[in-house]
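So the sequences go chain by chain: A and B.
Using my numbering, you'd call the opening residue of the first sequence number 1 and step up by one each time.
Using my numbering, you'd call the opening residue of the second sequence number 422 and step up by one each time.
Among the hints, a few may not be true.
[What the hints assert, rightly or not] Below, simulated DSS-like cross-link-like pairs (lysine-lysine); rule was C-alpha separation at most 27 Å, straight line:
1) A:Lys83 - B:Lys711
2) A:Lys85 - A:Lys330
3) A:Lys290 - A:Lys330
4) B:Lys506 - B:Lys705
5) B:Lys506 - A:Lys290
6) A:Lys309 - A:Lys36
7) A:Lys284 - B:Lys504
8) A:Lys309 - A:Lys363
9) A:Lys348 - A:Lys363
10) A:Lys363 - A:Lys85
11) B:Lys711 - B:Lys504
12) B:Lys834 - A:Lys85
13) B:Lys730 - B:Lys705
14) B:Lys783 - B:Lys751
15) B:Lys769 - B:Lys783
16) A:Lys290 - B:Lys504
17) B:Lys730 - A:Lys309
18) B:Lys705 - A:Lys83
19) B:Lys769 - B:Lys784
20) A:Lys290 - A:Lys83
21) B:Lys784 - B:Lys504
[What the hints assert, rightly or not] Away from chain A, derived, C-beta distances all over 12 Å, residues of chain B:
22) Gly435
23) Glu449
24) His454
25) Asn466
26) Arg551
27) Arg655
28) Gly695
29) Ile748
30) Asp759
31) Arg799
32) Leu810
33) Asn830
Simulated from the structure, these hints should not be mistaken for lab results.
Beta carbons are placed, not taken as given, at the ideal position from N, Cα and C, and that holds for glycine.
2 protein chains.
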Amino acid sequence: MNPIKNAFYAQSGGVTAVINASAAGVIETAREHGDKIGEVYAGRNGIIGALHEDLINTSAEPASSISKLRHTPSGAFGSCRYKLKSIEENRLVYQRLMDVFNAHNIGYFFYNGGGDSADTCLKVAQLSTRTGYPIQAIHIPKTVDNDLPFTDNCPGFGSVAKYIAISTREASFDVASMAETSTKVFILEVMGRHAGWIAAAGAMASDDRTEIPIIVLFPEIPFNRTRFIAEVRRKVEHHGYVSVVVSEGVADESGRFLSDQGLVDAFGHAQLGGVAPVVANMVKQDLGFKLHWAVADYLQRSARHIASKTDVEQAYALGKAAVELVISGKNSVMPTIDRIRNQPYEWKIGTVELSRVANVEKKLPRDYISEDGFSITRRCRDYLQPLMLGEDYPPYEGGLPEYVRLENNPVGKKLGTDFSL
Amino acid sequence: MNPIKNAFYAQSGGVTAVINASAAGVIETAREHGDKIGEVYAGRNGIIGALHEDLINTSAEPASSISKLRHTPSGAFGSCRYKLKSIEENRLVYQRLMDVFNAHNIGYFFYNGGGDSADTCLKVAQLSTRTGYPIQAIHIPKTVDNDLPFTDNCPGFGSVAKYIAISTREASFDVASMAETSTKVFILEVMGRHAGWIAAAGAMASDDRTEIPIIVLFPEIPFNRTRFIAEVRRKVEHHGYVSVVVSEGVADESGRFLSDQGLVDAFGHAQLGGVAPVVANMVKQDLGFKLHWAVADYLQRSARHIASKTDVEQAYALGKAAVELVISGKNSVMPTIDRIRNQPYEWKIGTVELSRVANVEKKLPRDYISEDGFSITRRCRDYLQPLMLGEDYPPYEGGLPEYVRLENNPVGKKLGTDFSL
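Go ahead and model the full structure; you've got the sequences and the hints to work with.
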């Protein structure tokens, strides 16, 4: 067996506008160290690719394609939502992973994802201590929710923040023009079921030079209809209009999601609904203002066309750092973004033990939310602003961005067996 | 009274990402012809500004601010939804307009809007023939709906088309990555209640180099649930995922809007709802696929950050042309975009009599829609593609686009009277 071990890389959970930049960082850096790292095999659809021995040979991709990953949104190798149970509960799965890794001489495991993925990566890292199988596992952080601990911020979030701040500013200019005789309230639903980081970015649309009346509804603040409606009325009376940025995770005092309103259609069928129309209906019923509402959904996390340059650079740097960490002999760690200062913004790469990261959720601190619970503080503003800095436009062809699709050629299977999840 | 007449300019109806570029074209061109055109007074909130004698003195704005209008979305002077009745029905309104114009020595009337606004502009133009009041009225086309006749396309539409095509491509890359274990269907609701031009742009996300499974639901094609669900199943079985672009104006065979589903909340209150969640619920009920849906709403028409360069240039050129038309003595006309050729795209400014434009709606031709009613034809593609060409990025400061807000200083009132609408 070749003494130079191969690497396994996979993308996990919800994808982002910059997760492929991390992939580029891993693959390009590994290619620079051919003396220490052999092939980089990507898992097709995350860890599932490893379990099915469905590996993608990234070495077959030309350098030009890999470099285009830097400006291509989504997960180039496919992602998955699949959480590994503990080794005790699920010996067969871990044995299968080791069989596949062993068959393909894989000694390095890079998992690119959020909190659940960090937990999966930690369990793989423990294979070396628990079973003696020689593997070094590094978790590369990624989540638009920005809820991972120890890292100052998470790749993917800065670009969503930029998109939501820009969209809120643009839509607010629009409604301000219409308010005299038409729409007075605009409502934008954003992601973040448990943490209000993305919602907070909506408040960034307003700043000292361009003031905009904005109400933010955070998942961290129990929703109170009376207080909210009063604030809408107050802002419309004062400014003529208002924009509302509402997190999908907003819940009432009893902890029930606002989006869970038991909607039924004309036939009595229960209906899915977002929180934006729910809030819109409250404003219409209580105040009668003409309004519009939007739900950004996937548009916000895939909007590579207006990604934050800072975010792209950090995503790439973390992929690069992951490779350098295994070369330096590390296992069971996650490279982090450490903030050095805000003005001018400076950051560096740090590391944290994976055992401290897994299954910990970083919510928006209360002192990042204004006293009244409807906006953000200067402290939050100082934190968010650098993450949105810089534009990193993709190349365009015929009016549309050119995003790469890799060949994704499979690696020949070496195990005769399949594995059912 | 000064022999050099002043001009009145106003913005009407829904605003766009580029209507302010037309305003810049009007104001900058008028400033170049100070020997023929005096001040340019803008109506605050459209024609309503004239009726209230609430005029904005654009001459007070520095050239640097006016030039920034070119990259600022929304209506810088405010817009309105207010349709003038016929002169017979509404003599008082027209008399008031003439009193205000006369008091401020206004001889040129520029109205920047869509179909209803063209009708208003036509009626103002008729004042010269009906009453002898010396006025030249020019309509400057603007509408994201792209439904004005005689002009090849309408400023505002090209930028929405670009935004929807890019967003559909980005979200499709996202869902493709998730499809194996999670989301298989993505649904995007777009504007266009009566015409499917914007929905058609969603199909542009897929092209020969980047094929994407997309189903478009047009307002021109009666919705059939059975056929739609079968097409969703077919595309998911073949590609693993599908993106659905649905126009807000989609209606069933009986002509009823799909969005009008008689939704009620837990308390039995009727609820507003978009068409995206309605379609999402059908897919969930009939196929059980995990799905996501988005509603672009105002985000699509205010997205100046990714405006089409072609659109910006045409919007500006039409404002410029309007001024040149009055200088050449024209009245009651609308400057148009005339397409010379597709490859390479060339266009020029033409003109059409306003009487032929008012109240005519240009729908998507049937031969622009594919046989099965779920996509677009090559003919439609060849029409849409040039309108999305080129990027025209606004300047950024601290991660956000810098959009201008004018001083909008009022012109001193000369009439002692007010006017109630």
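Mind checking the alpha carbons of B:Lys784 and B:Lys504 for me, to see if they're no more than 27 Å apart?
-> Given that 27 Å is the threshold and the Cα spacing comes to 22 Å, the pair holds.
Restraint check for B:Lys730 with A:Lys309, where alpha carbons must lie at most 27 Å apart | With a Cα-Cα distance of about 22 Å, the restraint between B:Lys730 and A:Lys309 holds, given a limit of 27 Å.
Keeping to a limit of 27 Å between CA atoms, is the pair of A:Lys83 and B:Lys711 held or broken?
-> It holds: about 18 Å lies between the C-alpha atoms, which stays within 27 Å.
Straight-line Cα separation of A:Lys290 and A:Lys330 no greater than 27 Å?
-> violated, 58 Å
Decide if the proposed pair is consistent with the structure: B:Lys730 and B:Lys705, CA atoms, cutoff 27 Å inclusive.
-> This hinted pair is violated, its Cα atoms lying about 39 Å apart.
Decide, holds or violated, for the assertion that all CB atoms of chain A are farther than 12 Å from the CB of B:Arg655.
-> holds, 21 Å
Is A:Lys284 within 27 Å of B:Lys504, Cα to Cα?
-> holds, 24 Å
Do the alpha carbons of A:Lys363 and A:Lys85 lie within 27 Å of each other, as the hint requires?
-> holds, 25 Å
Pair hint B:Lys705 and A:Lys83, alpha-carbon separation not exceeding 27 Å | Holds, because 24 Å separates the two Cα atoms, which is no more than 27 Å.
Verify that the Cβ of B:Arg799 lies farther than 12 Å from every Cβ atom of chain A, and report whether the claim holds or is violated.
-> Consistent with the label, B:Arg799 stays out of reach of chain A, its closest Cβ about 14 Å off (over 12 Å).
Hey, B:Lys769 versus B:Lys784, does the alpha-carbon distance stay inside 27 Å?
-> holds, 23 Å
Distance restraint between B:Lys711 and B:Lys504, which requires alpha-carbon spacing of 27 Å or less | With a Cα-Cα distance of about 45 Å, the restraint between B:Lys711 and B:Lys504 is violated, given a limit of 27 Å.
Hint compliance for this structure: hints 3, 4, 6, 11, 12, 13, 20, 22, 25, 28, 32 are broken, all remaining hints hold.
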